[in-house]
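Engineer: Letter by letter, the chains look like this.
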Amino acid sequence: MKAWIAFWNIMLKDLWAYYLKPPNISWGIIFPIAWTSMFFIKSGSGLGSIPGLLPGVIALSVLFGTTSMLSVTVTFEKKNRSFERLLLAPIPLGLLMLAKTGGSIMFGVFNAIMPILLALFLADLRDVDWLIALFSIFLIAVVSTFLGLFIAVSVSEVFEAQTFSNFFRFPMIFLCGLFFPVESLPLLLKPFAYLLPLTYGVDLLRGAIERKNSLPLWLDLIAICISGMLLFYASLRNIHHKWIA
Amino acid sequence: MKSTDADSDIAALIEVAGLHKRFGSVTAVDGISFNVRRGELFGFLGPNGAGKTTTITMLVGLARPDAGRITIAGLDCSVDPKAAQHLIGVVPDESNLYSELSGFDNLCFCAALYGMPKKERCSRAAELLKLFGLQEAADRKFGGYSKGMKRKLTIAAGIIHKPQILFLDEPTTGIDISSARHIRQMIARLHTNGTTIFLTTHYLEEAERLCERIAFIVKGRIVREDSVANLLATLDDHQLLRISAAQMPENLAELLGNSFPDLSFQMIDNNQLQVSSLELIGVGPLVRFIEEQGALVSEARRIMPSLEDVFVKVAGIGLTDMGRDKEKAGGDR
Ligand SMILES: Nc1ncnc2c1ncn2[C@@H]1O[C@H](COP(=O)(O)OP(=O)(O)OP(=O)(O)O)[C@@H](O)[C@H]1O
Ligand SMILES: [Mg+2]
Numbered sequence: 001m002k003a004w005i006a007f008w009n010i011m012l013k014d015l016w017a018y019y020l021k022p023p024n025i026s027w028g029i030i031f032p033i034a035w036t037s038m039f040f041i042k043s044g045s046g047l048g049s050i051p052g053l054l055p056g057v058i059a060l061s062v063l064f065g066t067t068s069m070l071s072v073t074v075t076f077e078k079k080n081r082s083f084e085r086l087l088l089a090p091i092p093l094g095l096l097m098l099a100k101t102g103g104s105i106m107f108g109v110f111n112a113i114m115p116i117l118l119a120l121f122l123a124d125l126r127d128v129d130w131l132i133a134l135f136s137i138f139l140i141a142v143v144s145t146f147l148g149l150f151i152a153v154s155v156s157e158v159f160e161a162q163t164f165s166n167f168f169r170f171p172m173i174f175l176c177g178l179f180f181p182v183e184s185l186p187l188l189l190k191p192f193a194y195l196l197p198l199t200y201g202v203d204l205l206r207g208a209i210e211r212k213n214s215l216p217l218w219l220d221l222i223a224i225c226i227s228g229m230l231l232f233y234a235s236l237r238n239i240h241h242k243w244i245a
Numbered sequence: 246m247k248s249t250d251a252d253s254d255i256a257a258l259i260e261v262a263g264l265h266k267r268f269g270s271v272t273a274v275d276g277i278s279f280n281v282r283r284g285e286l287f288g289f290l291g292p293n294g295a296g297k298t299t300t301i302t303m304l305v306g307l308a309r310p311d312a313g314r315i316t317i318a319g320l321d322c323s324v325d326p327k328a329a330q331h332l333i334g335v336v337p338d339e340s341n342l343y344s345e346l347s348g349f350d351n352l353c354f355c356a357a358l359y360g361m362p363k364k365e366r367c368s369r370a371a372e373l374l375k376l377f378g379l380q381e382a383a384d385r386k387f388g389g390y391s392k393g394m395k396r397k398l399t400i401a402a403g404i405i406h407k408p409q410i411l412f413l414d415e416p417t418t419g420i421d422i423s424s425a426r427h428i429r430q431m432i433a434r435l436h437t438n439g440t441t442i443f444l445t446t447h448y449l450e451e452a453e454r455l456c457e458r459i460a461f462i463v464k465g466r467i468v469r470e471d472s473v474a475n476l477l478a479t480l481d482d483h484q485l486l487r488i489s490a491a492q493m494p495e496n497l498a499e500l501l502g503n504s505f506p507d508l509s510f511q512m513i514d515n516n517q518l519q520v521s522s523l524e525l526i527g528v529g530p531l532v533r534f535i536e537e538q539g540a541l542v543s544e545a546r547r548i549m550p551s552l553e554d555v556f557v558k559v560a561g562i563g564l565t566d567m568g569r570d571k572e573k574a575g576g577d578r
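So the protein lines, in turn, are chains A and H.
To convert, note that position 92 of the first sequence is 92 in this note's numbering; the numbers rise steadily by one, no gaps.
Numbers given in this note's numbering equal positions in the second sequence, counted from 1, plus 245.
Keep in mind that the hints are not guaranteed to be accurate.
Unchecked claim - Taking beta-carbon pairs under 8 Å as the criterion, some of the chain A residues facing chain H (in silico):
| # | residue |
| --- | --- |
| 1 | ALA3 |
| 2 | ILE5 |
| 3 | ALA6 |
| 4 | SER68 |
| 5 | ALA234 |
| 6 | ARG237 |
| 7 | ASN238 |
| 8 | ILE244 |
Stated by the list, open to error - PhoX-like cross-link-like pairs, simulated, lysine-lysine; straight-line CA separation at most 20 Å:
| # | chain 1 | residue 1 | chain 2 | residue 2 |
| --- | --- | --- | --- | --- |
| 9 | H | LYS407 | H | LYS392 |
| 10 | H | LYS375 | A | LYS2 |
| 11 | H | LYS364 | A | LYS2 |
As the list claims (entries may be wrong) - Pulled from the structure, derived: some chain A residues nowhere near chain H, Cβ distances all over 10 Å:
| # | residue |
| --- | --- |
| 12 | TRP8 |
| 13 | ILE10 |
| 14 | ASN80 |
| 15 | SER82 |
| 16 | LEU86 |
| 17 | LEU87 |
| 18 | ILE91 |
| 19 | LEU125 |
| 20 | PHE135 |
| 21 | PHE170 |
| 22 | LEU188 |
| 23 | LYS212 |
| 24 | LEU221 |
| 25 | ALA245 |
These aren't lab readings, by the way, just hints derived from the structure by calculation.
Glycine residues also receive a C-beta, built at the ideal position from the N, C-alpha and C atoms.
All chains should be modelled from the sequences, with the hints used to inform the complete structure.
Structural biologist: In structure tokens, the structure reads:
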């Protein structure tokens, strides 16, 4: 019970102190709008192409939203030493880090709202399986948050976190199936694409929105869950070994 | 004597044995052992870089020792650094609360970290804000607090969950006299109420006034550990004389040493000289000698030996090394 009070308040504090601040809210709106309009307009193949682009645009909005926030909530707090307070709290490290990432996961899901709203206006989304779509968005938010966490605990400066996450983010844009379907990637790049958790997230979404998933649903689910768990576990290990050194 | 030592070991709340910590080539803590008894105010004294903060971080579970054993309330913290965290409160050497939250919210948040229910959190936060004279700043952001206010709120945050054991890392460093005095009163009060306190400081007067037992740490090693009374008793047979004079030549201590080989001399600052001896000190010849060297003596008075003198004796560190910080402590009295 006590641990849950701590868990809940750590998450609420991050929400109030960081995520619900006007700049972040507007960022969570403007950034996805910019992405989405850019891709919808640039694709040039008319409104009919929007459902095809939507999974990638959603995934990117979520990915960028979550990974940028963790460099603040984790790296910045580590740098100014307020993170030590959390490490002193009598709650298990795993629960602490779930609390630290909970806000970011919600923020990630919030980042997906704008592309969906825009697409609802512009295209016919009647065939979408919303339940699976929402679930996929949630999983994408979880896995990209844990990726952001992994990056945040691997560096010591905020700017390093930003640089390091771009190192992951930009290849993902090209490889996860947003521009080119993974199946049509050069043979050499395919293995890389299948190493990226976002690939499975995009495929899941594709299944929900267009029914055009290239992998079986269960495989996508398993892959995304396993990569999420691995990233989280690796982050915990890093904190355990490097921060409590 | 033996039996009381054994009794005290039974009552030890914190037991530390053979603690080591290195950072690269620097040995920060070099095999220290000590016990802190339940309800005791234990002082950990040493100059800058002695290893005080490093010791605290290991005790509270923010760092792992390279070797050694830490037991807090019977829980082995060397295996699981988090084992005793529910029992302890920590006031770090730097204020590390959340600058974007108000004073009140900071305290409530810290209380929540220890699982306090909401109603209790709020009333306890209000109570502590009042106790530390911060009611008016309760709704202001912590980032805008002055240094002394930050320190006070950091201490309040450390005791919000009423910990059995409190670790205080240099609680009065860098703040003004009246705030420092206020903080010392708070510490004394917590001690009276039964909290076990581990206090690091490099202000010897502070330690002398507050602590029951003291360990002197120098370069990662404990050079002496005893009760304050016992420490002061080691110098009971010492005669101490303090001479104030203007225009003292720089090599005065050396000149005096040559002429009065039975006495030892130490320059405290440009205008003060301390003379110590096991024999009674004759003031006349000393003053005459000093004036012959061109200085103008204004005062010569006998003083009671202080912890500072004990420290100088056991640690072999010049008064000036530790004394310089006295100005920062605001003279303390
Ligand atoms: N994280 C670290 N990395 C490298 N060296 C460190 C680290 N922490 C402490 N040290 C070194 O260990 C030694 C002891 O430092 P520590 O901070 O424990 O001293 P201290 O007694 O608290 O000093 P002060 O009175 O200045 O606070 C110093 O030489 C310091 O440079
Ligand atoms: Mg220190």
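Engineer: Next, verify each hint and record whether it holds.
Structural biologist: Structure-based check of each hint:
{"no.": "1", "hint": "ALA3", "in the structure": "holds, 7 Å"}
{"no.": "2", "hint": "ILE5", "in the structure": "holds, 5 Å"}
{"no.": "3", "hint": "ALA6", "in the structure": "holds, 5 Å"}
{"no.": "4", "hint": "SER68", "in the structure": "violated, 17 Å"}
{"no.": "5", "hint": "ALA234", "in the structure": "violated, 19 Å"}
{"no.": "6", "hint": "ARG237", "in the structure": "violated, 14 Å"}
{"no.": "7", "hint": "ASN238", "in the structure": "violated, 15 Å"}
{"no.": "8", "hint": "ILE244", "in the structure": "holds, 6 Å"}
{"no.": "9", "hint": "H:LYS407 <-> H:LYS392", "in the structure": "violated, 24 Å"}
{"no.": "10", "hint": "H:LYS375 <-> A:LYS2", "in the structure": "violated, 26 Å"}
{"no.": "11", "hint": "H:LYS364 <-> A:LYS2", "in the structure": "holds, 14 Å"}
{"no.": "12", "hint": "TRP8", "in the structure": "violated, 8 Å"}
{"no.": "13", "hint": "ILE10", "in the structure": "violated, 7 Å"}
{"no.": "14", "hint": "ASN80", "in the structure": "violated, 7 Å"}
{"no.": "15", "hint": "SER82", "in the structure": "violated, 5 Å"}
{"no.": "16", "hint": "LEU86", "in the structure": "violated, 7 Å"}
{"no.": "17", "hint": "LEU87", "in the structure": "violated, 6 Å"}
{"no.": "18", "hint": "ILE91", "in the structure": "violated, 8 Å"}
{"no.": "19", "hint": "LEU125", "in the structure": "holds, 39 Å"}
{"no.": "20", "hint": "PHE135", "in the structure": "holds, 31 Å"}
{"no.": "21", "hint": "PHE170", "in the structure": "holds, 31 Å"}
{"no.": "22", "hint": "LEU188", "in the structure": "holds, 42 Å"}
{"no.": "23", "hint": "LYS212", "in the structure": "holds, 45 Å"}
{"no.": "24", "hint": "LEU221", "in the structure": "holds, 34 Å"}
{"no.": "25", "hint": "ALA245", "in the structure": "violated, 6 Å"}
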